[in-house]
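Asks: So in UniProt numbering, spot 37 of the sequence shown is number 37, and the numbers just go up one at a time.
Honestly, the hints are just simulated from the structure, not real lab data. Don't take each hint at face value.
With beta-carbon atoms standing in for the labels, derived distance ranges [what the hints assert, rightly or not]:
#1 Trp-282 with Ala-255: 18 to 28 Å
#2 Ala-255 with Gln-203: 25 to 35 Å
#3 Leu-405 with Ala-255: 41 to 51 Å
Cross-link-like lysine to aspartate or glutamate pairs, in silico, DMTMM-like; alpha carbons within 25 Å at most [claimed, not checked]:
#4 Lys-231 with Glu-98
#5 Lys-210 with Glu-121
#6 Lys-258 with Asp-216
#7 Lys-270 with Glu-398
#8 Lys-178 with Asp-164
#9 Lys-258 with Asp-164
#10 Lys-262 with Glu-398
#11 Lys-142 with Glu-121
#12 Lys-356 with Glu-397
#13 Lys-253 with Glu-98
Keep in mind the model is a prediction, meaning the values are calculated, not measured. Glycine included, each C-beta is placed from N, C-alpha and C at the ideal position.
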Amino acid sequence: MAAAQDSAPKEKDHGPKKQKRARSAGVVDAGAEGGSRTQKKVPSSPASSAHPKSAAASLVDVTVEDTDALDCRVCFLPLKPPIFQVWQYGGLGILNLEIMGWALRIRWLWLQKTDSSRPWEGLPIQVPRNAQALFDVAVETKVWNGEDTKFWTDRWLQASTVADLAPNLFRLIPQRVKRQRTVAQALNSRRWVADIQGALTVQVLLDYLKLWELVDDLSLQPSVSDQHTWKLSSTGLYTRRSAYNAFFLGSVKFASWKRIWKSWAPLRCKFFLWLAVKNRCWTADRLLKHGLPHPSVCLLCDKEDEDIQHILVACVFSREVWAEVLLAVGLQLVAPQPDVRVFSSWWCWAVSRVPKESRKGFNSLVILVAWTLWKHRNTCVFEGLSPSVPLVCRDVEEESKLWCLAGNTALHELLGR
1 MAAAQDSAPK
11 EKDHGPKKQK
21 RARSAGVVDA
31 GAEGGSRTQK
41 KVPSSPASSA
51 HPKSAAASLV
61 DVTVEDTDAL
71 DCRVCFLPLK
81 PPIFQVWQYG
91 GLGILNLEIM
101 GWALRIRWLW
111 LQKTDSSRPW
121 EGLPIQVPRN
131 AQALFDVAVE
141 TKVWNGEDTK
151 FWTDRWLQAS
161 TVADLAPNLF
171 RLIPQRVKRQ
181 RTVAQALNSR
191 RWVADIQGAL
201 TVQVLLDYLK
211 LWELVDDLSL
221 QPSVSDQHTW
231 KLSSTGLYTR
241 RSAYNAFFLG
251 SVKFASWKRI
261 WKSWAPLRCK
271 FFLWLAVKNR
281 CWTADRLLKH
291 GLPHPSVCLL
301 CDKEDEDIQH
311 ILVACVFSRE
321 VWAEVLLAVG
331 LQLVAPQPDV
341 RVFSSWWCWA
351 VSRVPKESRK
361 GFNSLVILVA
371 WTLWKHRNTC
381 VFEGLSPSVP
391 LVCRDVEEES
401 KLWCLAGNTA
411 LHELLGR
């Protein structure tokens, strides 16, 4: 009996380290009745297969307490918060290292295509599918000798690929042939016809006739090399910046980005304006949404509900400050009117009516006044100060002198008008 007990397999205590490794490998433990546990393997996504490290970083750990939750699922969430967007699309311009890695790996494909002196030029380069897709779209080829252009996959025929022009026929081409067949080889004795393998349906025959008409009259020039063009840059050559920015195409444009980030102002002021335009400041409306203590009305005017747009342009207190400051520089005609409700819209309208030579200084002045209004509001909230238009105007005047001493020549010229 003792021998039987000794020979019985002992249940291993995996411990927290073992469970942590299991979770990092994509295994989720779900609690069951009686203390038993069930392990479920998380299905991999296309992104996780190409980038295991980034996929592990985006894995959401879920602890399941309910005994009926054995069918829980774990999804991969994209870790692309707005701060990783470029300035033009409303971000802070902080580099997304994953996307930058894709852009740099596209450079390998570009050099493989354009520089035959590289020792690894003939080796297969593994890149993520989205990077490969961007490269295929961004590179256009003008065929001369056809030696450096792939017949089936490159964008060389009427600025399109064979897959775009004859998709049904393209499906019948073996993968190895797609990767290796050049235009020069394919047009030699019409070897591209022999590459077709599979059932010739009506759709395939129509694509075949269409492709035949397109390539039958082509003539190559053996003494001239093929010309590859990177369509995303003005020079036609690959650049890291153009490849990186291309991954953000389709995002919503941020209209105020240039007025905020290209103006002369301290970084903290630019960051505040970025938050203000996006309505991300902790004013009464946002505090209310989060169930936090908040003032019942705007402390500057004591009349209306408070939000960041109201503080900057809609409040009668703020409009009086704008009128005083802009009157001092002769731009009182662009001061916010009672019907203005959105700060960014007023800013866009106002700067378009300022003389071109004064716009840089005007943008700096707008940032300065908005920043001073926000600080004055915070002083009223946290220190109990009574709102004072002369005090705000005096703070703007003193701070503007410091900005001019720090090198803001555009603001200095505007104030000297």
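Asks: For each hint, tell me whether it holds in the structure or not.
Replies: Comparing the hints with the structure gives:
1. Trp-282 with Ala-255: 18 to 28 Å: holds, 24 Å
2. Ala-255 with Gln-203: 25 to 35 Å: violated, 46 Å
3. Leu-405 with Ala-255: 41 to 51 Å: Distance hint for Leu-405, Ala-255 is violated at roughly 32 Å.
4. Lys-231 with Glu-98: holds, 23 Å
5. Lys-210 with Glu-121: violated, 33 Å
6. Lys-258 with Asp-216: Violated: Lys-258 and Asp-216 sit about 51 Å apart, past 25 Å.
7. Lys-270 with Glu-398: Satisfied, since the Cα-Cα distance of roughly 19 Å is no more than 25 Å.
8. Lys-178 with Asp-164: Holds, at about 14 Å.
9. Lys-258 with Asp-164: violated, 38 Å
10. Lys-262 with Glu-398: Holds. Lys-262 to Glu-398 sits at ~23 Å (cutoff 25 Å).
11. Lys-142 with Glu-121: OK: Lys-142 and Glu-121 at ~20 Å, within 25 Å.
12. Lys-356 with Glu-397: holds, 23 Å
13. Lys-253 with Glu-98: With a Cα-Cα distance of about 22 Å, the restraint between Lys-253 and Glu-98 holds, given a limit of 25 Å.
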